[in-house]
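Same order as they appear, the protein sequences are chains H and E.
At position 141 of the first sequence (counting the first as 1) the number is 141 in the working numbering, and the numbers step up by one without a gap.
At position 222 of the second sequence (counting the first as 1) the number is 222 in the working numbering, and the numbers step up by one without a gap.
Treat each hint with caution, since some may be false.
[To be verified] Think about it this way: if two alpha-carbon atoms lie no more than 20 angstroms apart in a straight line, the pair counts; the simulated PhoX-like pairs of lysine-lysine are: (1) E:K523 with H:K47; (2) E:K641 with E:K3; (3) E:K553 with H:K150; (4) E:K298 with E:K312; (5) E:K357 with E:K375; (6) H:K2 with H:K91; (7) E:K523 with E:K563; (8) E:K494 with E:K32; (9) H:K47 with E:K585; (10) E:K312 with E:K397; (11) E:K185 with E:K32; (12) E:K201 with E:K32; (13) H:K91 with E:K412; (14) E:K526 with E:K491; (15) E:K414 with H:K91; (16) E:K491 with E:K34; (17) H:K47 with E:K526; (18) E:K526 with E:K563; (19) E:K3 with E:K19; (20) E:K3 with E:K201; (21) H:K150 with E:K397.
To be clear, the hints were calculated from the coordinates, so they are not data collected in a lab.
The structure displayed is predicted, hence computed values, not measured ones.
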Amino acid sequence: MKLKLKIWRQKNQNSRGGFSNYTVEASPEMSFLEMLDVLNQQLIENKEEPVAFEHDCREGICGTCSMVINGQPHGPMGLTTTCQLHMRHYKDGDTIVIEPFRANSFPVIKDLVVDRASFDRIIEAGGFISVNTGQAPDGNTIPIEQDEAKKSFDAAACIGCGACVAACPNSSAMLFTAAKVAHLGHLPQGQVEQSKRVKRMIAQMDKEGFGNCSNTYACEAECPKGISVANIAKMNRAYFSAVVSTDEK
Amino acid sequence: MTKLDAKIPEGPLSDKWRKYRSTVDLVAPNNKRKLEIIVVGTGLAGASAAATLAELGYKVKAFTFHDSPRRAHSIAAQGGINAAKNYQNDGDSVFRLFYDTIKGGDYRSREANVHRLAEVSTSIIDQCVAQGVPFAREYGGTLANRSFGGVQVSRTFYARGQTGQQLLIGAYQALSRQISLGNVKMYNRHEMLDIVKVDGKARGIIARNLVTGELERHAAHCVVLGTGGYGNVYYLSTNAMNSNVTAAWRAVRRGAYMANPCFCQIHPTCIPVSGSYQSKLTLMSESLRNDGRVWVPKSKEDVKAIRDGSKKPTDIPEEDRDYYLERKYPAFGNLVPRDVASRAAKEVCDEGRGVNKSGLAVFLDFSDAIVRYGKAEANANGLDPNDAALVKKLGTKAIEAKYGNLFEIYEKIKGDDPYKTPMTIYPAIHYTMGGLWVDYNLETTVPGLFAIGEANFSDHGANRLGASALMQGLADGYFVLPYTIGSFLSKEIKTPPISTDLDEFAKTESDVRERLMGLLNVKGDKSVESFHRELGLILWDYCGMSRNAEGLKKGRELLQKLKKEYYENVFIPGTMDEYNPELEKATRVADFFELGEMMMVDALHRNESCGGHFREEYQTEDGEALRDDENYTYVSTWEWKGDGEMAEYREPLVFENVELKTRSYK
Chain H
1 MKLKLKIWRQ KNQNSRGGFS NYTVEASPEM SFLEMLDVLN QQLIENKEEP
51 VAFEHDCREG ICGTCSMVIN GQPHGPMGLT TTCQLHMRHY KDGDTIVIEP
101 FRANSFPVIK DLVVDRASFD RIIEAGGFIS VNTGQAPDGN TIPIEQDEAK
151 KSFDAAACIG CGACVAACPN SSAMLFTAAK VAHLGHLPQG QVEQSKRVKR
201 MIAQMDKEGF GNCSNTYACE AECPKGISVA NIAKMNRAYF SAVVSTDEK
Chain E
1 MTKLDAKIPE GPLSDKWRKY RSTVDLVAPN NKRKLEIIVV GTGLAGASAA
51 ATLAELGYKV KAFTFHDSPR RAHSIAAQGG INAAKNYQND GDSVFRLFYD
101 TIKGGDYRSR EANVHRLAEV STSIIDQCVA QGVPFAREYG GTLANRSFGG
151 VQVSRTFYAR GQTGQQLLIG AYQALSRQIS LGNVKMYNRH EMLDIVKVDG
201 KARGIIARNL VTGELERHAA HCVVLGTGGY GNVYYLSTNA MNSNVTAAWR
251 AVRRGAYMAN PCFCQIHPTC IPVSGSYQSK LTLMSESLRN DGRVWVPKSK
301 EDVKAIRDGS KKPTDIPEED RDYYLERKYP AFGNLVPRDV ASRAAKEVCD
351 EGRGVNKSGL AVFLDFSDAI VRYGKAEANA NGLDPNDAAL VKKLGTKAIE
401 AKYGNLFEIY EKIKGDDPYK TPMTIYPAIH YTMGGLWVDY NLETTVPGLF
451 AIGEANFSDH GANRLGASAL MQGLADGYFV LPYTIGSFLS KEIKTPPIST
501 DLDEFAKTES DVRERLMGLL NVKGDKSVES FHRELGLILW DYCGMSRNAE
551 GLKKGRELLQ KLKKEYYENV FIPGTMDEYN PELEKATRVA DFFELGEMMM
601 VDALHRNESC GGHFREEYQT EDGEALRDDE NYTYVSTWEW KGDGEMAEYR
651 EPLVFENVEL KTRSYK
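Given the sequences, and given the hints that come with them, work out the whole structure.
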């Protein structure tokens, strides 16, 4: 199949970007990124600069790939990262528009590559349990009800790709932050620091310039791991109870 | 140096580590604050080491070429992590885990290291639980286990099919905590391109800032490499696209030895190749072999019918199917170790019974498991176990609960529904048991240079058992290196901070610059990627699932020819002073060429078949691997002398606690 591509090209963070047009020959078994590999191979053969895009595991778990395809982060398929998207979902003659994740807190490095270090700083603010190596009791001394373990896992499945931010009209990082708060908060060992954690992570999120949540649920719709917006409600509850608490934490 | 001293402590096997810990030289807290450590790579091994060393009080600088430590390829491990907890009361013990690992590795690993690994395995689970890793649980809230290939107990802890992800996130969070406390300085998007040696000791690295392209000098009292394996030398593998050997290879170029480079693991259950544009292969967790049955049709007519689409796999009646693993290995059946399962798949495909167009695929079938689970569910809920439709529905649900995400991955790639039709699978390069030679302290032959996780060679012999990579990465990082590094650093407490103004740093930096400019200035016509694909094919054809002397010699020639062409005709767009992924790939592929040659030399010298190394000349009458314990019970290590010249040194393997047996899974 022959495809027309409109791809965002931007030399670096300080230069202005714009769309360039390309055509590429693809086959239905290819993955979306393999289609871009084919394009880059063509460009290199013509001594032109290939399109910079980030990718690594190519099996939907590392969270590195990040692009907006025809207006949707990670493209049209639900619960799918860009690297898991296959060309059989497109047809001959289609035009595909490819842009980077757009958010003030994700500055463009080059073409489709953005800087998501703000996510790391949110985790550094409190997305952990303070336990040094060697301090742990036997694993089975902390029984955890299956259902709670499941809820914790569902939130922990977040791959930190940033699609939630790219999808949100306010570029909010609430789903990402709430997923971490829920992952740890559903476990007894994570409850100990929960109020401190939620306050610090939210403060960092605001500091990074992410917007607020206005309940459009676009984040949940585009999340390749199906993280639920219910986590945001739970985080808000934990936040309110932490800020009105009289305990100094 | 010609003599390798593994520095294995004296005494009975089960006392070695305990005694070592009690006697190894320590560094006092006030001195730890003055000592700097560089950790390169922040996957399971690197992140856990960086976090733990920082907790102990050392000043740590950590480097990753990724945009965040959370992207490391450890994240893709699916199945689980082993530990000798014996929570299932099924007879597991530290000795049994040790024994299974030694046997699984075909008696080519070091007893003392493997026993230590088995000992610390239990602490890893405790540590991960405390960090909030959401392991699978039983109804009563206790930790759940499953079984894995090559083993007869149930000792694998798991978090659905995303165990690696959850363990890495745990280590990443521990690391993040130390970053926030100021104990670790994290350098994301930095790639190590050389080791700096001062007076023979590793004292720093040259790293390239991948965003600006700038070369940076970083100094420390010692350097730790947790930079993973080199499976991507084959181009097509289950490794992430950016996984590479450069850090380890640069260490080899600076005097570290490579051990058993030809020991590569081929994983039996991967999604088969679909076309020439293919960029990587996707693994289907080994845990699927718990419930999936591997088969091909008995007759070539059926094979032909499946290939041309006139028959579906479900049309082949039970009696016309060859469940070849169950037939050949009744004791272990579908759960034989990876090397055995891979070779058996190759064998039936070589016979012309492969089930896709290329003839390189076998079926992995869940229909029996769906019925079995469905009946159990029906019985448990007082429903009719003879109602086929109901049983299928309940069974599908049970399989979904266990393997749902794996089935989804498969469906996304192939467009087939594995609940209804069997998966097709084929072996692919997955893991490298070979790596930098290290002694019991995990120190390489360069003083002050340590290697942990997949980057070293030490624990898996010639074949790694499933769910042991996560165990080893975390064992090295959390519980081994933090002790053993004291053996070196305790002697460095009077060494002031190392200055990056030393001549050695300037010289090494200019070496790196020259190397990069050299590649950029070739200005030929072919992309890096196309060379990498060709290199991968040469290795797969001549140094892959089975090898022979003639092929290895021919492969080496082809590789040398291609390497020559690389330096004459590669084209790298852009410059050095910018974000330039093509340049990054170019240095990695250049190192893969040299490593590839070393792998072939090692494979040719090892005149036996063991684990993942199958030499066609050395097999039993029924096609099983034929080890030569008399002549090859040693670790082969290689020193790079430059331009394809290598010198070999040997570390004899002494087995005092297990008897060397022919590995039988029949």
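Right, here's what the structure says about each hint:
| no. | hint | result |
| --- | --- | --- |
| 1 | E:K523 with H:K47 | holds (10 angstroms) |
| 2 | E:K641 with E:K3 | holds (17 angstroms) |
| 3 | E:K553 with H:K150 | violated (54 angstroms) |
| 4 | E:K298 with E:K312 | holds (15 angstroms) |
| 5 | E:K357 with E:K375 | violated (36 angstroms) |
| 6 | H:K2 with H:K91 | holds (8 angstroms) |
| 7 | E:K523 with E:K563 | holds (15 angstroms) |
| 8 | E:K494 with E:K32 | holds (11 angstroms) |
| 9 | H:K47 with E:K585 | holds (17 angstroms) |
| 10 | E:K312 with E:K397 | violated (24 angstroms) |
| 11 | E:K185 with E:K32 | holds (16 angstroms) |
| 12 | E:K201 with E:K32 | holds (19 angstroms) |
| 13 | H:K91 with E:K412 | holds (17 angstroms) |
| 14 | E:K526 with E:K491 | violated (50 angstroms) |
| 15 | E:K414 with H:K91 | holds (17 angstroms) |
| 16 | E:K491 with E:K34 | holds (13 angstroms) |
| 17 | H:K47 with E:K526 | holds (10 angstroms) |
| 18 | E:K526 with E:K563 | holds (13 angstroms) |
| 19 | E:K3 with E:K19 | violated (25 angstroms) |
| 20 | E:K3 with E:K201 | holds (18 angstroms) |
| 21 | H:K150 with E:K397 | holds (16 angstroms) |
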